[in-house]
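Given chain A, work out where chain B should sit, using these hints.
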Amino acid sequence: MSASFPQAAAVELRNAQQRRNLRTATTTIRAKRARVVAEVDDWEALREAGARIKDEALARLDVHLERLEASVTAAGGTVHWARDAAEANAIVARLVREAGSDEVIKVKSMATDEIGLNAALAAEGITAHETDLAELIVQLAGDRPSHILVPAIHRNRVEIRDLFRDRFGEPRLTSDPAELTAAARRHLRERFLRVGVGVSGANFACADTGAVCVVESEGNGRMCTTLPHTLITVMGIEKVLPRFDDLGVMLRLLPRSSTGERMNPYTSLWTGVTPGDGPQAFHLVLLDNGRTATLADPVGRQALRCIRCSACLNVCPVYERAGGHAYGSTYPGPIGAILAPQLAGLRDHASLPWASSLCGACYEVCPVRIDIPSVLVHLRGRIVREQGAPASERLAMQALARVFASRRRYEAAQRGRRLTRLAAHLPGPLRAWSEVREPPRAPAETFRDWWRSRT
Amino acid sequence: MNHGIAIMNDRLGLWFNPAMRVALFVTCVNDTFAPQAARATVELLERLGHEVVFPPQQTCCGQMHANTGYQLEAVPLARRFVRVFGDPSFEAIVSPSASCVGMVHDQYPRLAELAGDRDLAERVRELAPRVHDLTTFLVDVLGVEDVGAVFPHRVTYHPTCHGLRGLRLADRPLRLLRAVRDIDLVELPEAETCCGFGGTFAVKNADTSAAMLADKVRCVLDTGADVCAAADSSCLLHIGGGLERQRAGVRAMHLAEILASTR
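Protein chains in written order, with my numbering: chain A, 1 to 455; chain B, 1001 to 1263.
These aren't lab readings, by the way, just hints derived from the structure by calculation. All C-beta atoms, glycine included, are put in the ideal place defined by N, C-alpha and C.
Ranges of calculated distance between the beta carbons of each label pair, as one might list FRET restraints:
{"id": "1", "chain 1": "B", "residue 1": "1152", "chain 2": "A", "residue 2": "438", "range": "21 to 29 Å"}
{"id": "2", "chain 1": "B", "residue 1": "1247", "chain 2": "A", "residue 2": "443", "range": "16 to 24 Å"}
{"id": "3", "chain 1": "A", "residue 1": "62", "chain 2": "B", "residue 2": "1141", "range": "45 to 53 Å"}
{"id": "4", "chain 1": "B", "residue 1": "1226", "chain 2": "A", "residue 2": "385", "range": "43 to 51 Å"}
Same shape as in the complex, but just chain A (with noise of 0.2 Å):
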């Protein structure tokens, strides 16, 4: 179990680095955002046609599993089922061998960071080259992701170089981005064009043709689902779109709501197998992992409409100053706040639903329309319910309900002032409130003193 959210960030938040450079990257992609958003006449009937699309994708869910398995299996692919991470990790290293590789290269891809699929490959002697040059980053310096879309956020370019110097073993490389680039070009271009086995997540994949789509920006993603002879796709259950045609709304979302580019530089899309061009082996593995158990809560299961955009954590306050890391969990910010606690059966992650203001910034801008603000006042009350709060806590919140039941103790409590005093004794003594705020002093005329005086 990771350290809860309150501690780690408290750790996160010393990092000036990190500060700045979340300061820099979100406030930039904002504007950006922004700009392109508002060129669209029609982006408040887009968000809820992208809703409307995956919420009926998700009422039946079943149906459109089958068909898409229908779909790339009539196409020359294999689909897989996997019920967990263990299971999904099994059958991709079991694909891999049978393809007779110890190696694979990686698009980058959600789904393969939450099951951990690099370490299990690792454990079977399997080594995974991640091929997006901010996951390479990552990879190379042992690091962890920050944020869905640009895993090395808190990474400066100087940092980069002196990695890039280590690994690559080219002393002499400058903080030069072009010239950064280039040395990740050269180390990856080899290994695209030696290693069979590519490995991908999906942005989403049609029931009824069984075309898979991928949107990136570097073209790596285009190399690794073109050039090895097998291609392995890793998607969750929820990414299922019940028509081609849907591509229509989605793309039109995505790449504004997350880069804010009109268009991503590359969309791949591939359906099955095509003799002659590209892999000859696709097997797309169909991963469950806590997704159908989220199904279950009708207020909580619209975050799985989710479609990684990454719009929400570039706008919200709390992830511009925690940071990624300090929420320990492969998804981080408002949307990770919602969906880890809930795929992890409310047992693990269970801090994320109070790692927010509610300020409701990520509701604002997101293009499935997710009422992010109102599933984390939803998952507060459950997690309390069914998973227990700290006695303090709820002994004082069951103490200030019974005092706001009654006016008599209500008064009572303003004249004592012991209003005050038990909010002291709130989650957090008041001491973590005084430390850099004056704390409320409640004037000796409370208003109803006032408004009785004067009548």
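Coordinates of chain B only, in the frame set by chain A:
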């Protein structure tokens, strides 16, 4: 706009809006910690010619409980609210807190559903359209933007999250402030970013909250304003607490206090 026209506007406003019987939903925070904001609300509404009543049985709307995960403890407080404010003689229920008004509009229906209380759900449906935050009541219901206030100070305005994104107050508070005579209204940088209060967030995630407050205080100080105004006292206690701890010499004031000021 000169003062004479403003007075004429007020009279026209009164002409079109005959005196209303307004119940004050004061909120526990204003009642206990910011009575000056509540008094200003009363004085302002009375100056505009309306009758203000204060139902003394009111306590707390239950927002802190609901938002911290204690929805079941908040349900009796929601029932209490609809009982206390259900008097049909109240033509409007007005509060100087956008956040607590949002609680009634957005969360009460969910609390009723959680508790399986259909009577509560029905009474919320009936009552909620009459529950307004002060700025919506002034601008939309009364149709007044110039309330005849005079406030000769440099002021910056922080739009609180539940007002901005919850109730969608948009520029209503700013329209009210712009009509104040002698005010020097300056724009707050990064105004729409949360101050870091978030109810129990400020104690449960005190470090992150403090980091957010530090940035908000810096933005307020950058404006050179004497007064940081907002339409929610809980956020003001937070921002004001930060300003005071730094001995910054900037006052946190509720919008109602500015609107109630006269020459």
